[in-house]
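Number of protein chains: 2
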Amino acid sequence: MTASPRTVRVELGDRSYDILIGPGLIASAATEIAKRLKGRRMAVITDNNVAPLYLDALMDGLASVGIEAVSAILPAGEKTKSFEHLIPVCETILGARIERNDAVIALGGGVIGDLTGFAAGIVRRGSRFIQIPTSLLAQVDSSVGGKTGINSPHGKNLIGVFHQPDLVLADTDVLDTLSPREFRAGYAEVAKYGLIDKPDFFEWLEKNWQAVFAGGDARIEAVAISCQAKADVVAADERENGQRALLNLGHTFGHALEAATAYDGTRLVHGEGVSIGMVLAHQFSSRMNLASPDVAKRVESHLKTVGLPTSMDEIPGTLPPAEVLMDAIAQDKKVKGGKLTFILTRGLGEAFVADDVPASEVLSFLKEKHPA
Amino acid sequence: MTASPRTVRVELGDRSYDILIGPGLIASAATEIAKRLKGRRMAVITDNNVAPLYLDALMDGLASVGIEAVSAILPAGEKTKSFEHLIPVCETILGARIERNDAVIALGGGVIGDLTGFAAGIVRRGSRFIQIPTSLLAQVDSSVGGKTGINSPHGKNLIGVFHQPDLVLADTDVLDTLSPREFRAGYAEVAKYGLIDKPDFFEWLEKNWQAVFAGGDARIEAVAISCQAKADVVAADERENGQRALLNLGHTFGHALEAATAYDGTRLVHGEGVSIGMVLAHQFSSRMNLASPDVAKRVESHLKTVGLPTSMDEIPGTLPPAEVLMDAIAQDKKVKGGKLTFILTRGLGEAFVADDVPASEVLSFLKEKHPA
Ligand SMILES: NC(=O)c1ccc[n+]([C@@H]2O[C@H](COP(=O)([O-])OP(=O)(O)OC[C@H]3O[C@@H](n4cnc5c(N)ncnc54)[C@H](O)[C@@H]3O)[C@@H](O)[C@H]2O)c1
Ligand SMILES: NC(=O)c1ccc[n+]([C@@H]2O[C@H](COP(=O)([O-])OP(=O)(O)OC[C@H]3O[C@@H](n4cnc5c(N)ncnc54)[C@H](O)[C@@H]3O)[C@@H](O)[C@H]2O)c1
Ligand SMILES: [Zn+2]
Ligand SMILES: [Zn+2]
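Chains as they are written, first to last, in UniProt numbering: chain H, 1 to 372; chain R, 1 to 372.
Simulated from the structure, these hints should not be mistaken for lab results. Treat the hints loosely; a few may be bogus.
Unchecked claim - Some but not every residue of chain H turned toward chain R, in silico, with C-beta under 7 Å:
id : residue
1  : I87
2  : C90
3  : T92
4  : L94
5  : L158
6  : I159
7  : G160
8  : F202
Claimed, not checked - Straight-line distance between alpha carbons at most 27 Å, and here's what the computed BS3-like set of lysine-lysine pairs gives:
id : chain 1 : residue 1 : chain 2 : residue 2
9  : H       : K339      : R       : K304
10 : R       : K339      : H       : K35
11 : H       : K79       : H       : K35
12 : H       : K297      : H       : K207
13 : R       : K297      : R       : K367
14 : H       : K38       : R       : K339
15 : R       : K79       : R       : K35
16 : R       : K304      : R       : K367
17 : R       : K198      : H       : K339
All of these numbers come straight from a predicted model, not from anything done at the bench. Quick reminder that beta carbons are idealized off the backbone N, C-alpha and C, glycines included.
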């Protein structure tokens, strides 16, 4: 007996699509796909952590509805988001002779989703694409919105395309096998939606976070609210010219920290960088007299309670000096004519885009938080 | 004293752009760019044939209007359209710290244009892009319309994106240094526009082709008419869902021949494949009782007169058997649910999209034209 999944629709004209959220969706994935797509050939891309847990179930399901599928298993981890792995994924898709109605399926976390979406976006100048996100971060963030890409030695996500999926299937049960650390990392993005413009949701999380971690209805609720929040922003601003930038709350600092730790997941994973980055963004906002220091303290306290890192000195190993972090920030995407764009806040759930933040202020703030 | 260049506008809403056509445009390129783009940083990508001829003039011009530019020189030839060369081009662009108003410039033939356009399309999920096409084929075809990409072991142009340029500068003088063979190859695409739907233009070419080869006003006229023809099709159907497919006249056969010769430019260059492909498409149309055999003879005769190959047995070396050519055709982009899509014709300048051509007919036609 399966309850029918919750549906969030991403409104993008003739490229609109559904996000289904609920328990047991891997088992019914093939049926949901066959309901919506006419294709008879698919290529499934996954990683070596997810494959032993869920690949067979998905492949069996596809076979049972008459879809011929091939699969490729990549090494898990951020380093997989590279040309080195993109190339064989493109060749796998081409080798599967995917035609116009067929699709490429990403089964995994944000790494698999970003890489596979990019491959789907460039094979035959754009192929159909289905996201089956298996990490919390991927379910509430990376699988929704069409941003895809890989990393470059020059920085994270610097190479990619906008390529919207045709369908997203978020099975909330699969999060049970996610490591607690990865679950917490994804939770940072859930909290982010509260901090952007939903103070009530943040308050609800402060009270119900344990139930979200445990599974069941609270988890489905949190995933659905997060997906809806992201879907709303994406529908309003697909190409990130304006409001979509708010989703980068915590990310400018976070990306710099990920670069500074060479994307080494044993030291820092994306959501942890975002957690520290959100705390820094709130502290910087209070330093700039935009928000009360109490807000930063409240944010820090909740993220600490769920077990997330909230300051740079919790990152194991040695961080480069503030000047080097600053350099990484300047090479980040959100730069216009030399000036820095940051997401700052005026209070709890009152984030805004500040596009003329003086680099000197950021540097002295970083030096204060991270003395060499 | 320079006459002002002719302008063809490609109408694509807020992504509309100008194609300037005329003599001496490399010399005034920087001025034309500075008139239209605010960027102060550019990355110029070219090849080792074009660089010694035109790179200095372009770089000097850019410096003289205050644009800081870096350049990268790639090996000339179709094999350069590969991931192997795409990767360092992306890194060059990122290393140049190109920001939102800056641009990537392709200076070269279709190979450089396709590869550089693809890199511009994926760096930071899309960067501004200027085409300075230096081959006839690039001026009348590949630089206009936004198709970019590279080849895969599975076939030509199978990996890429749609990415429109912001400006195209076609200097008709630079065609003087193009080898006669490459000029003829580009001329095949010029003739193609006549054969699609401009019988008068084809007739004009039959009379004036020597003047087009010689340079001067007839050449400018032929390039401008060709660009306008392509611009019209692109404006009507940017993503090749319908009429844009007509531009593939001669290309399904042509691509198969290019694949069969392993993209070895000493044996066959793109425009030569198109020339043979157009003759085959006309012959096949007459075999299918769609058009009179006289049309095929007239097309063959004109292409032969200008010095283009018009049959498979003119390709040096051994071609694989018809079955292998057929396989390459089936892997080409224009396949829907196993059925073959071809551009056929009902008469001179009366091409149309035929989307249910029986594979068996194509195979026996190929066997007839190319007995093993
Ligand atoms: N495209 C976007 O809009 C967007 C947004 C946010 C983040 N991202 C990207 O997402 C990536 C991070 O995503 P992530 O945190 O999912 O990383 P990830 O894909 O590396 O997954 C984290 C780890 O969990 C494992 N895993 C995934 N699902 C599992 C499951 N159900 N059970 C057991 N193990 C499982 C993975 O194998 C991996 O080891 C980053 O590269 C980031 O840049 C993209
Ligand atoms: N994107 C599109 O819509 C589109 C359309 C048609 C063709 N194409 C692609 O274009 C490519 C073929 O283009 P091409 O024929 O220009 O090939 P090319 O870029 O290889 O140029 C042909 C040769 O001429 C040389 N050359 C170029 N300009 C010169 C000049 N002014 N003087 C001296 N030498 C010069 C080049 O170095 C090269 O050796 C193919 O890869 C084809 O797939 C793309
Ligand atoms: Zn994130
Ligand atoms: Zn062509």
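Just to be careful, I want the Cα atoms of K339 (chain H) and K304 (chain R) compared with a cutoff of 27 Å; is the pair within it? Given pair K339 (chain H), K304 (chain R) is violated - Cα atoms ~59 Å apart, limit 27 Å.
Holds or violated: are the alpha carbons of K297 (chain H) and K207 (chain H) at most 27 Å from each other? It holds: about 17 Å lies between the C-alpha atoms, which stays within 27 Å.
Holds or violated: K79 (chain H) with K35 (chain H), Cα cutoff 27 Å? 35 Å, violated
Close enough to count: is the Cβ of C90 (chain H) nearer than 7 Å to one in chain R? With a minimum Cβ separation of about 6 Å from chain R (threshold 7 Å), the hint on C90 (chain H) holds.
Using the nearest Cβ pair, does F202 (chain H) come within less than 7 Å of chain R? 30 Å, violated
Interface hint status, L94 (chain H) versus chain R (Cβ within 7 Å): Cβ of L94 (chain H) sits 4 Å from chain R, so the hint holds.
Taking only the CA atoms, is the gap from K297 (chain R) to K367 (chain R) under or equal to 27 Å? Given pair K297 (chain R), K367 (chain R) holds - Cα atoms ~20 Å apart, limit 27 Å.
Hey, does the G160 (chain H) contact hint survive, CB to chain R under 7 Å? This interface hint holds because 5 Å falls under the 7 Å limit.
Given pair status - K339 (chain H), K198 (chain R), alpha carbons within 27 Å: Violated: K198 (chain R) and K339 (chain H) sit about 52 Å apart, past 27 Å.
Are K79 (chain R) and K35 (chain R) close enough, with their CA atoms no more than 27 Å apart? 35 Å, violated
For the hint on I87 (chain H), does the least C-beta distance to chain R fall short of 7 Å? With a minimum Cβ separation of about 5 Å from chain R (threshold 7 Å), the hint on I87 (chain H) holds.
Hint consistency between K304 (chain R) and K367 (chain R) [alpha-carbon to alpha-carbon, up to 27 Å]: 22 Å, holds
Checked against the numbered hints given earlier, the structure breaks hints 3, 8, 9, 11, 15, 17 and satisfies all the rest.
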